[in-house]
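Engineer: Each chain, letter by letter, is given below.
2 protein chains.
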Amino acid sequence: MNLVEKFRELTIKQKAYGYVMNIVGWDSATEAPKGAFQRRSEMMGIISGELFKLGTSDEYQTVVNGLFETIEDLDVELQKEIRRAKKQLEKIVKVPENEFVEYNQLIGLSQRLWEEAKEKDDFEMFKPNLEQIVEYSKKFASYYDDQKHPYNVMLDDFEEGMTMDEYDRFFDVLKRDLVPFVKQVLNSGKALNDDFASKSYDKEKQKIFAEYLVDVFKFNRDGGLMKESVHPFTWNTHPTDVRLTTRYLEDMMFSSVFAAIHELGHALYEQQVDPKFDNTLLNGGTSMGVHESQSRFYENVIGRSEEFWSVHLDKFKEVFPEQTKDVTLDDFHRATNKVEASLVRVEADELTYPLHIMVRYEIERKLLAGEIEVKDLPEVWNSKMVEYLGIKPGNDADGVLQDVHWSAGLFGYFPTYALGTAYAAQFYNTMKKEFDVLGAVKENNISTINEWLKEKIHQYGGSKNPKELLLAVTGEEFNPKYYVEYLKEKYTKLYL
Amino acid sequence: MNLVEKFRELTIKQKAYGYVMNIVGWDSATEAPKGAFQRRSEMMGIISGELFKLGTSDEYQTVVNGLFETIEDLDVELQKEIRRAKKQLEKIVKVPENEFVEYNQLIGLSQRLWEEAKEKDDFEMFKPNLEQIVEYSKKFASYYDDQKHPYNVMLDDFEEGMTMDEYDRFFDVLKRDLVPFVKQVLNSGKALNDDFASKSYDKEKQKIFAEYLVDVFKFNRDGGLMKESVHPFTWNTHPTDVRLTTRYLEDMMFSSVFAAIHELGHALYEQQVDPKFDNTLLNGGTSMGVHESQSRFYENVIGRSEEFWSVHLDKFKEVFPEQTKDVTLDDFHRATNKVEASLVRVEADELTYPLHIMVRYEIERKLLAGEIEVKDLPEVWNSKMVEYLGIKPGNDADGVLQDVHWSAGLFGYFPTYALGTAYAAQFYNTMKKEFDVLGAVKENNISTINEWLKEKIHQYGGSKNPKELLLAVTGEEFNPKYYVEYLKEKYTKLYL
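First to last, the sequence lines map onto chains C and G.
In this text, residue positions in the first sequence follow the numbering used here: the first is 1, and each later residue adds one.
In this text, residue positions in the second sequence follow the numbering used here: the first is 497, and each later residue adds one.
In short, the hints are calculated from the structure, not lab data.
Even for Gly, the Cβ is constructed at its ideal location relative to N, Cα and C.
Possibly wrong hints are sitting among the right ones.
[What the hints assert, rightly or not] The list that follows gives simulated cross-link-like pairs (lysine to aspartate or glutamate, DMTMM-like), each with its CA atoms no further than 20 Å apart:
id	chain 1	residue 1	chain 2	residue 2
1	G	Lys701	C	Glu318
2	C	Lys34	G	Asp691
3	G	Lys703	C	Glu228
4	G	Lys813	G	Asp894
5	C	Lys205	C	Glu318
[What the hints assert, rightly or not] Cβ-Cβ distance ranges computed for the label pairs, FRET-style:
id	chain 1	residue 1	chain 2	residue 2	range
6	G	Asp894	C	Asn220	33 to 43 Å
7	G	Leu745	C	Asn395	50 to 60 Å
8	C	Thr328	G	Asp894	39 to 49 Å
9	G	Asp894	C	His405	37 to 47 Å
[Unchecked claim] To be clear about the criterion: a stretch of chain G counts as covered by chain C if any three or more of its residues have a C-beta under 8 Å from a C-beta of chain C, and this derived list gives those stretches:
id	segment
10	514 to 527
11	548 to 562
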């Protein structure tokens with residue numbers, strides 16, 4: 001067997017372990033009995049340990065390093081795979097095993113501690129763990145590359161090729177062009193007829209409407225399913241097995257509608273990746289940012305458009321006749337785009353959302369450069385909220401403690417949320433030139449949009465990185481101006 | 497590390513693979529998208545291959561053989577485990593690997609072929625595969641022990657210690673004492689007021705009642721759940737994670753009720769096994785027969801008793817007021833015990849059920865002794881149905897092709913269904929001497945029954961084999977007379 005065949009064999013084997021871990025994870029998040037937690041942890045500890053051994057074995061390292069030595073002789077997609085494999089290996093094998101184990105234990109404990117700290121609104125309780133996590137993160141980044149700024153190493157983990165310089169340029173544009181615009185909108189004082197949105201909506205009926213949306217968006221039900229979970233997510237096991245969830249809150253009906261559409265965006269991406277990548281490292285969506293560009297596009301550009309509800313409001317009214325008796329299309333559309341300065345990111349509207357991300361990016365940047373310390377976080381957080389959104393959290397639970405990410409060591413993840421939304425606007429700008437996108441939405445012709453995204457983005461899976469994809473699809477590099485333009489045009493029309 | 501510790505380590509590792517295969521199997525049977533079939537097969541082929549390697553590795557064989565050499569020095573439960581491990585090893589390692597692979601491919605193909613043959617009512621189509629399966633089964637039995645009758649090897653696979661001699665004695669009793677009694681009941685001509693049972697029952701409401709039953713039987717919801725599937729089953733991953741299904745057919749309401757109670761019997765058994773066996777080969781229910789004794793006891797003795805419905809008919813009528821308006825407790829109770837000569841085993845009533853099994857046992861016995869050939873099966877089947885039940889299948893789909901078992905090579909499985917039901921009667925005979933069982937049912941006090949079964953049977957898991965258990969619980973060896981007595985008493989009262 002030659003090295004390429006051996007690489008494929010070892011990759012497929014690792015995929016099988018990933019596959020079962022995915023299914024068990026899905027089960028755990030959607031229906032496993034509470035009491036099964038302990039046994040599952042023990043058993044999955046063994047399985048994930050086996051996967052770790054496979055992914056760091058001498059055999060695998062020999063094969064990857066062997067192929068890396070003569071990488072120029074390989075075909076172009078295999079080169080990408082080997083580069084990715086090599087990078088993953090270096091990130092793991094350079095970390096001493098004992099530190100890796102200690103870190104994982106720390107993360108396990110910290111997530112529970114964070115939950116408790118958030119519940120008790122007690123940052124001090126969480127602080128020592130967060131300090132340790134920051135130290136480990138810096139150290140691991142330096143093992144990988146001690147010439148690079150540690151935050152640059154982390155940013156690249158979540159979005160290949162992204163750096164602080166680029167993110168700085170992006171957020172500077174938002175700060176300059178968006179922050180004043182958001183203040184203008186917030187001060188416009190435009191009233192909405194949105195009382196209907198806070199009425200009580202029966203969960204079973206919300207489910208009926210969410211299932212209706214699954215079909216509207218032409219999700220392939222033979223290759224996936226939708227269920228309910230506490231936090232909505234999309235779970236990709238394979239293009240033939242893509243699963244998403246939404247959640248049903250009786251007093252927050254829009255939550256299930258837009259969580260469903262958002263996750264459908266992620267799910268359609270995964271369903272449309274070319275199956276030729278199945279057994280490679282290039283399967284699935286290419287990056288966090290590009291993934292988020294798809295979910296945000298479906299959620300915001302399509303799902304919060306007047307054209308969309310001009311087709312589907314009747315169905316919504318049919319399912320919820322009492323709550324929507326006097327609601328007009330205009331009322332409904334405006335309600336889906338309500339702008340509010342709010343404290344909690346996951347409940348933020350489309351316009352203020354990136355400012356929540358900016359707060360986190362600036363904090364991470366300073367924290368990992370040693371310019372601020374963990375103990376300063378609550379104060380820095382609150383002052384940035386005042387600066388960008390004009391409101392100050394009344395407590396840390398709704399402030400610096402609100403997100404799970406840092407307790408899991410995920411520094412560098414947040415900025416991809418805003419970046420992805422900005423990618424979406426740039427992709428949309430190109431799409432609009434090629435066909436009447438909202439016209440298609442108005443004709444309930446989502447397939448045309450799905451097909452365009454498949455052809456331009458989805459089919460390539462991980463074989464093009466974000467930068468390659470942006471250039472190929474839009475003809476230029478990432479440019480945040482499309483995002484600002486999109487937001488200004490949309491919200492000027494709605495509010496100013 | 498000594499041999500015992502090494503054995504434990506290798507066992508736990510195999511359990512982790514079994515664990516993930518269980519969860520994926522559950523997912524596949526209850527909700528996985530149709531199109532995911534191909535990928536799942538590929539991935540699970542790899543995982544099950546890994547488990548096979550672990551279970552036959554030189555290391556594992558050395559450990560098991562090493563412990564087997566000095567087995568008398570081990571504590572008594574470990575002795576049982578090592579004997580079991582040794583036996584399992586010998587059943588696998590004596591089969592040449594290529595034959596094992598060929599056989600598994602044959603089985604894979606045959607199950608699909610059987611489905612098609614059943615659908616097309618075409619036995620000839622399935623015949624060549626069944627012939628091959630019979631040959632392989634005989635050959636594999638002879639590899640394990642060429643001194644034993646192959647059917648004895650197979651019977652022992654499904655119920656430790658059972659032989660043709662013992663089953664012959666059992667079925668002879670049924671033939672002598674039960675067959676004439678069944679004819680008497682069938683000819684009694686007693687009419688039932690059971691029109692209500694064949695009315696249409698809404699699936700969602702059936703679900704409400706099935707969930708009610710889950711609580712009636714004190715199933716621990718923190719350690720398991722109930723869902724829907726095409727064929728009801730119970731899936732045991734661990735005492736903290738026991739899952740069961742029922743099915744909802746609008747025109748066969750009793751199907752969901754009694755499938756739920758039947759599976760709850762299996763599930764309660766699994767939930768009540770002592771957790772000390774978790775990481776041993778003695779976890780879970782001890783045998784097919786004893787498992788079936790529990791499910792049949794809950795389903796038939798409790799679930800089809802007048803006492804049970806004296807408590808729960810009100811709830812049933814509350815859920816289905818229209819269908820049950822004039823139904824009395826007596827009507828309802830009699831309808832749950834309707835006796836009919838029918839063609840299909842899975843739809844058979846409690847009284848005629850063992851005769852369906854007798855047909856299969858006698859056929860398997862002759863087939864594996866070479867006294868009949870595969871080509872004779874349809875004719876032999878039909879003549880036995882006439883002999884024991886007085887009816888002849890109109891086609892092979894409702895005759896010899898009705899069950900999946902033979903297409904999967906499961907010869908020796910069927911008799912455990914009847915045996916388990918007979919065990920149930922023997923256990924029940926003992927239980928009745930210790931407390932008023934139906935009195936407890938009438939007081940909706942299922943916990944007392946669950947506790948008794950836990951103390952006497954469930955807690956021991958696989959640490960007592962069926963023969964040990966029967967002797968310990970009832971003070972005597974297996975005796976089919978209790979079964980015949982139970983059936984005669986119950987159905988005389990109802991019909992004669």
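Engineer: It remains to establish, for every hint, whether it holds in the given structure.
Structural biologist: Evaluated hints:
Restraint check for Lys701(G) and Glu318(C): not satisfied, since their Cα atoms lie roughly 23 Å apart, outside the 20 Å limit. Straight-line distance between C-alpha atoms of Lys34(C) and Asp691(G) comes to about 42 Å, which puts the hinted pair past the 20 Å bound. Proximity of Lys703(G) to Glu228(C) is assessed by CA-CA distance (about 18 Å); at most 20 Å being required, the pair is judged to hold. As the CA atoms of Lys813(G) and Asp894(G) are separated by approximately 34 Å, the hinted pair breaks the 20 Å bound.
Using a Cα cut-off of 20 Å, the hinted pair Lys205(C) and Glu318(C) holds, with the two alpha carbons roughly 10 Å apart. Checked against the hint of 33 to 43 Å, the pair Asp894(G) and Asn220(C) passes, with Cβ atoms roughly 36 Å apart. Roughly 54 Å separates the CB atoms of Leu745(G) and Asn395(C), a value that falls within the hinted 50 to 60 Å. For the pair Thr328(C) and Asp894(G), the supplied restraint of 39 to 49 Å is violated, since their beta-carbon distance comes to about 60 Å.
Between Asp894(G) and His405(C) the C-beta distance comes to about 60 Å, which lies outside the given range of 37 to 47 Å. A stretch counts as covered by a chain when three or more of its residues have a beta carbon under 8 Å from one of that chain; for the segment 514 to 527 of chain G and chain C the count is 8, and the coverage holds. Requiring three or more residues with a Cβ within less than 8 Å of a Cβ of chain C, the coverage given for the segment 548 to 562 of chain G is violated, as only 0 such residues are present.
Of the numbered hints listed earlier, those contradicted by the structure are 1, 2, 4, 8, 9, 11.
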